[in-house]
Amino acid sequence: MSRPKSVLALLMLCLSTVGWAAEAPTEKERVSKLTNNLVCTCGCANIIVASCDCGQAADMRKEVATFVKEGKTDALIFAAFEKKYGPKVLGAPKLEGFNVLAWVLPFVGLAVGAVVVVAVVRKLRPKGAETEAVEAMPPELDEKYRKLLEEEMRED
Amino acid sequence: MIELGQYCLFGALLLSAYGMVIGALGGWRKSLPLTRSAENAAIAAFGILVATSVSLWYLLLTDQFVVEYVAQYSTSKMPAVYKFTAFWGGQSGSLLLWALVLSFFSFIAVVQNRHRNRELMPYAVSVLMGILLFFTVLLNFLTNPFNTLTQVPVDGQGLNPLLQNAYMVIHPPALYLGYIGVSLPFAFAMGALMSGKLDTSWIRTTRQWSLISWVFLTFGIALGGMWAYEELGWGGYWAWDPVENASFMPWLVSTAFLHSVMITEKKGMLRTWNFILVLLAFQLSIFGTFITRSGVISSVHSFALSNLGPFFVVFLASTALFTVFWIVYRSPQLKSEQRMKSFLSREASFLLNNWLFLSICFAVFWGTVFPILSEWVTGEKITVSVPFFNNVSMPLALALLILTGVCPLIAWRKASAKNFRRNFLYPLAAGLVTGLIAVAVGVRSLIPLVFFSACGFVMATIVFEFYKGARARQTIRPTGFLTAVKDLSLMNKRRYGGFIIHAGVVLVFFGIIASSFFRIEEEFSVRQGDFFKIGDYTLVFKGLSERSDPEKNVVTAKLDVLKNGAKIDEVLAEKHFHHKSEQPMTEVSIRPTLKEDLYVVLAGWDKGVVSFHVFVNPLVQWIWIGIGIMVLGGLFVMLPNSKPPAAHVSRAVDEEEAKDVAA
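In the order they appear, the protein sequences are chains H and B. Residues in the first sequence are numbered consecutively from 32, following this note's numbering. Residues in the second sequence are numbered consecutively from 65, following this note's numbering.
It is possible that some hints are incorrect.
[Unchecked claim] Pairs of lysine-lysine, DSSO-like flavour, derived with a Cα cap of 27 Å: (1) 597/B x 616/B; (2) 445/B x 93/H; (3) 597/B x 59/H; (4) 445/B x 119/H; (5) 93/H x 597/B; (6) 154/H x 261/B; (7) 261/B x 93/H; (8) 115/H x 100/H; (9) 64/H x 445/B; (10) 671/B x 93/H; (11) 659/B x 59/H; (12) 59/H x 627/B; (13) 64/H x 597/B; (14) 331/B x 154/H; (15) 154/H x 330/B; (16) 597/B x 100/H.
These are calculated hints, taken from the structure and not from any lab test. Bear in mind the structure is a predicted one, so any value in this text is a computation, not a measurement.
Bound-form chain H, shown alone (with noise of 0.2 Å):
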């Protein structure tokens, strides 16, 4: 595995040197960036701010335009929304409190899931108890598994 992701590395390294724009956003790139991060509240599926098709949506999206226009924060402009819709109108959860939960739990699942696959991987693995498995293979399949193995062993 070393190997390919080593590679793979160096793929995403040549791509990221590859000539970046790293201007400050336009007024209108904070727009679109604040209204995909805030939920509609006018009672759709939480459809996000920036395509709703209700009128509310539409009133959000000049609000935060003139927001954006004054010159004020992103965080300024969350905290505004928030106290003027309610928590509702965030898209996703803050990172305080409770909250921090919602962010942090799917990847303690997936780091279980990790340690559960290299578990099994271990214990599955032929250490002290090969014989029995050997022996349930038919003696073709028998030799080549072993050849398999032994060049496996000696490219790692």
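Place chain B on chain H using the hints.
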């Protein structure tokens, strides 16, 4: 007809209860007569549910508004096809559809296995009838579609106009077929656990069912996305809505299951794991049904618990407990038959695949239930929506995409180090080239570039897979290259069908990434004759017009589409005002091309000023194309084997296995 429906529905309840008890008894006593009796009950249950459903259809098509369900979801003015589909427009009808399809599947399973799987069958039938019993109890006592009204209305309320379109004719049944199809692998898994016949026969028997269900889930989810894209007017196809998530989770677990059974079939490993996966897939399907239960409209507008909630919870909990009990009880017999070669074996890569699928599933589940949890704990209503799901699932999805390409290479690695390096080199180069092309056409942000490169890499591995295989085959039997590709694919449909599906997945990724990162959207307020620009397009607003038909008033805005100064098209964006519904409906104008969709929403008008919400969505069509290829790939795998009859299947698998090892 009403009485007929009611009696039949009750008959179905009795038959399923009988089938459940007698089936289990037949298995326990090892009695063929009892088992046959349970199987016959399953067949009869199907017959009687057909009669029930025909009654409901008859009532809908003949406008019998004395029936509450008909009055709620149909009107005399609706076209016949929508009267027909009003069957699954609401809660009780959807549940009846569930019961009908489940009984149909059970019927087929019984007929197919008249002389096969005798150990599994009594328990499998018992479990299927148990599930059916649950639904018929709900239908009889809690949400009976044949309930009548004391005051008969002159006309019905009608199906929500949002649901009156071709997608909604097919989308719910397709999704339901997917949900319900999972019940069969589950029932046979239970059959294996309860009878103690724990070999792979349950997996082989239900392989087709798992695939059919997967294909329908894929197709159903795609139709839902298309419907949202064309009908809801917000320029997107996926909103991470609870109901969308509810259909996505069983899909994720089913996909993991389709992969993991291959290891079990071929190597006898991970036997317990498959039981857990199939249980999970089944539970998530029931959960999905529960969330969508009151018809699709709740999917987009509300997420309220109905009176059925506690029953579903009890059902889910008891099936989970029951299954876990049997898994634990049989666990001493569920040891792996073989050992794994190393972390770099194909088996290990399948494990990684399962890990990622389940991690995504868990993340989606967590995000879906988190608002409820958070409200309990903090008392504050919060939203978990697109920004959360996109951020959390993106790294996992990327890992999954890359793994799709890496897996076949791991298999190839068995050849030799030199070969392996060469096999890796071309796909990596292809990935790099794809990335460079993306940069050349103006992509400047890291995440899409990484995804596009990964798409190129994976696609190249797939092409390479076909190429190498066909070349190898040509050396054995000299034919044309394309013939070799065809022969090769037909010889190992599962392997190459799988690659076709993967190719579809790559296109779906391609479309999703492009359309979510490079969407342009803007609002314009214009007067007649004005023009405005978005992306490469110039749109000229030609004017509003109004017309009406018996059901609705329609306001249409006509626009000319210009590109490079020349008129290329004319589009119509509309708002529909249905007499029966308060909310106006947006009829979006979509001008699809392979490069991008021009998506125009008529937002409103006031004193001659008309406002539009316009999107340019790049590469969206590739998502639908990709899903189409996935479905075709799934169907390809299911093609009947021309050569080996059932008895030889296991030997064919062994041969394949030996070839794999020898390769």
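To see whether the hints hold, each was checked on the structure:
no., hint, in the structure
1, 597/B x 616/B, "violated (32 Å)"
2, 445/B x 93/H, "holds (25 Å)"
3, 597/B x 59/H, "holds (15 Å)"
4, 445/B x 119/H, "holds (6 Å)"
5, 93/H x 597/B, "holds (19 Å)"
6, 154/H x 261/B, "holds (24 Å)"
7, 261/B x 93/H, "violated (66 Å)"
8, 115/H x 100/H, "holds (19 Å)"
9, 64/H x 445/B, "holds (23 Å)"
10, 671/B x 93/H, "holds (20 Å)"
11, 659/B x 59/H, "holds (23 Å)"
12, 59/H x 627/B, "holds (23 Å)"
13, 64/H x 597/B, "holds (21 Å)"
14, 331/B x 154/H, "holds (15 Å)"
15, 154/H x 330/B, "holds (18 Å)"
16, 597/B x 100/H, "holds (22 Å)"
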